[in-house]
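**Student:** Listed here are the chains, written in short residue letters.
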Amino acid sequence: MKIKPLQIIAHIILILGVLLMVVPIWISFASSSHDSVTILTEGMKFHIGDQLARNYNEVLNEKGGWSEEVTAAKMFINSFIMALGIATLKVVISAMSAYALVYYRFKLAVPIFWLIFITLLVPLEVRIFPSYKIVSDLGLTNSYTGLILPLVASATATFFFRQFYKTIPDELLESAKLDGANAWSFFIDFLVPLSKTMIAAMFIFMFVYGYSQYLWPLIMTTAEEYWTVVMGMKIIYTESYEGVALPRTAERFAYIILSMIPPVLVVVFLQKWFIKGLIQTEK
Amino acid sequence: MSFLDLKNVTKIYPNGTKAVHETSLSVDEGEFMVFVGPSGCGKSTLLRMVAGLEDITEGDINLDGKLINEVDPSERDVAMVFQNYALYPHMNVYNNLAYGLKNRGIDKETIEQKVNDAAKLLQISDYLQRKPSMLSGGQRQRVAMGRAIVRNPKIFLFDEPLSNLDAKLRIQMRLEIKKLQQKVGVTSIFVTHDQVEAMTLADRLAVINNGIIEQLGTPIEIYDNPKSLFVAGFIGSPQMNFLDGNIKNKTLSAEGFEIKDIDSDFEGEVKLGIRPEHLSQSENSLINLKVDLVEQLGSDNLVYGQLKNKKDFCYRCPGNLTIEKGADLSLNIENNKYYIFDKSTGKRVN
Ligand SMILES: Nc1ncnc2c1ncn2[C@@H]1O[C@H](COP(=O)(O)OP(=O)(O)OP(=O)(O)O)[C@@H](O)[C@H]1O
Ligand SMILES: [Mg+2]
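The listed protein sequences derive, respectively, from chains A and B. Take my numbering: the last position of the first sequence gets the number 283, and nothing is skipped along the way. Take my numbering: the last position of the second sequence gets the number 350, and nothing is skipped along the way.
If you are wondering where the hints come from, they were derived from the structure by calculation, not from laboratory data. Quick caveat: nothing in here was measured; it's all calculated off a predicted structure. Virtual Cβ for every residue (Gly too), placed ideally from N, Cα, C. Treat the hints loosely; a few may be bogus.
Claimed, not checked - Have a look at the derived ranges for each label pair, beta carbon to beta carbon:
hint, chain 1, residue 1, chain 2, residue 2, range
1, B, Pro38, A, Val92, 44 to 50 Å
2, B, Thr110, A, Gly17, 53 to 59 Å
3, A, Gln271, B, Gln172, 43 to 49 Å
4, A, Ile9, B, Pro38, 56 to 62 Å
5, B, Thr110, A, Met260, 21 to 27 Å
6, B, Lys179, A, Asn182, 32 to 38 Å
7, B, Gly65, A, Val92, 41 to 47 Å
8, B, Gln83, A, Val110, 26 to 32 Å
As the list claims (entries may be wrong) - Okay, the calculated bits of chain A under chain B, using three or more residues with CB under 8 Å as the criterion:
hint, region
9, 171-177
10, 187-193
Okay, chain A solo, but in the shape it has when bound:
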């Protein structure tokens, strides 16, 4: 097979792109396997050092915080629960509200849709005080419910589901009706399987969104047992090391690498559908 110059150029561009993505991660990983002192004195590393096991063990099991009780592992679990809850509920709620907007042709469907849509202009950060007030009045501070609930409505996902449902031909609904399907079974037997690539894609986006939340959990949680990964970075940053106030650079890298694992797992698990969902609307 002959290789064309155009192909070579394309490959060079692609390889550069891959390097751009992978090198920082590699540096983080390599640096996480050294001594903090080494990193501080010699800069970041490209090769694996000998402190790998020790650093990771320390990050995972060391108890931190004021109460000296919260561990990184616990924070990963918290973030995972929060992201999972947010992603699942966002997808379910958006799919169902889009279903109502598209298939129940009541007069207010369009205004309601736009009302939902303009909430894009008021993200959580903007309405954080009223949100906090409501959640705390409901007594939901320091709970998973409190972490998840204010974030489960999604205009973006509702919009995408709505656009997708609108491309489904009317005859499909009509023939399902004649086959005895009711409103619920049409949703479960038709819309859900037809939009499963879309669901996977939305789930990944929303999982990453939930996982990287910072401000909301910071305000919401006073008990350390509900701390999340992104907040945890701060702890490691501020802690002292063997009496001397040294930044724990190597451990921080280890923490970063570990914190990437849950989203990566979700992406790997769902990527087959995710890519399909991005490049085609399968019907």
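Fit chain B with the ligands to the known structure of chain A by using the hints.
**Tutor:** For chain B with the ligands alone, coordinates are given in the frame of chain A:
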């Protein structure tokens, strides 16, 4: 009361379009009824009202002795085959057929048996595990039929199901639908704008124009005895020839010839209709035709030409006659088979 009864059914769409006007119609049990008419005449609307997919603005529809105006489509026990089949894209053929049965809470073994029987009848047993996207047009058509048959509904509704197929497959499927309907014996309504399809399939035919049933009858009745200008022009291929004329004292003077002693008391402006196949060549000619073009179909020849006054005219003769382009033919109407319509109302007057 017959099996399906439409009484003064009217449909006005929310945007004000009046698609069906006070239509009454009965269909007997086991009958194959065909709705035929030009595009936009309201055939689909009428059918969809029977299915329950459109609200009925006015009038009543009774099915099997029960008023179904307000009955949900899922409760009506009707099956419909759509023009684009509307197969369930994410289900394999088996599940496409089984879905309606599952919704009725039928047990698994019975479903399997029914699906397999229907698949056998339609010769789609080999494709049961395939998704619709992996089937040819004809196979999809069969699956759509299978989905209707398997539920054993009270009535089959077909909305132009053959229009997406190529000409040859169309004729084949047309035949199969007819055979199948006779075998299964289910009351059916079939919508088409193809008059050949309508003629060949129908036990009875409803010719619809502008939301009104212009004529209802067996295909032969309608062909032999069209009651209006529209029906006469719509049924029959090639189309009936129409000439302007005038009746006075039982004598019709048309464009270039006269017919005496006609069977009508009408006086005034008329249209004279003559089917191309009701003409023959003879000595004492009525009509002179200058041939422009001959289409040889094998069994028949279609001769197109012009009358003296340049009016287009068609004559159908047996295929064994050789007719040259440019020839002058003298034609006569066989057995007085001509139709006279009131020019202003379009109503038949002889
Ligand atoms: N949803 C609708 N809203 C408004 N008007 C409609 C709607 N559906 C159909 N019509 C109008 O009603 C009339 C009848 O439509 P219908 O679909 O019954 O025609 P048809 O006889 O089935 O034609 P075709 O052979 O092209 O399918 C048409 O004038 C059409 O424009
Ligand atoms: Mg139609």
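**Student:** Hints first: check each against the structure and report whether it holds.
**Tutor:** Against the structure, the hints:
1. Between B:Pro38 and A:Val92 the C-beta distance comes to about 48 Å, which sits within the given range of 44 to 50 Å.
2. Between B:Thr110 and A:Gly17 the beta carbon distance is about 57 Å. The supplied range of 53 to 59 Å therefore holds.
3. At roughly 46 Å, the beta carbons of A:Gln271 and B:Gln172 sit within the given window of 43 to 49 Å.
4. For the hinted restraint 56 to 62 Å between A:Ile9 and B:Pro38, the CB-CB distance of approximately 59 Å keeps it satisfied.
5. At about 53 Å, the beta-carbon gap between B:Thr110 and A:Met260 misses the expected band of 21 to 27 Å.
6. Taking 32 to 38 Å as the suggested C-beta distance range, the pair B:Lys179 and A:Asn182 conforms, at roughly 35 Å.
7. Separated by about 44 Å at the C-beta atoms, B:Gly65 and A:Val92 satisfy the suggested range of 41 to 47 Å.
8. About 29 Å separates the C-beta atoms of B:Gln83 and A:Val110, a value consistent with the hinted range of 26 to 32 Å.
9. Interface restraint, the region 171-177 of chain A with chain B: holds (6 residues with C-beta to C-beta distance below 8 Å; minimum three).
10. For the region 187-193 of chain A, the stated coverage by chain B is satisfied: 3 residues place a CB nearer than 8 Å to a CB of that chain, which reaches the threshold of 3.
The structure shown violates just one earlier hint, number 5.
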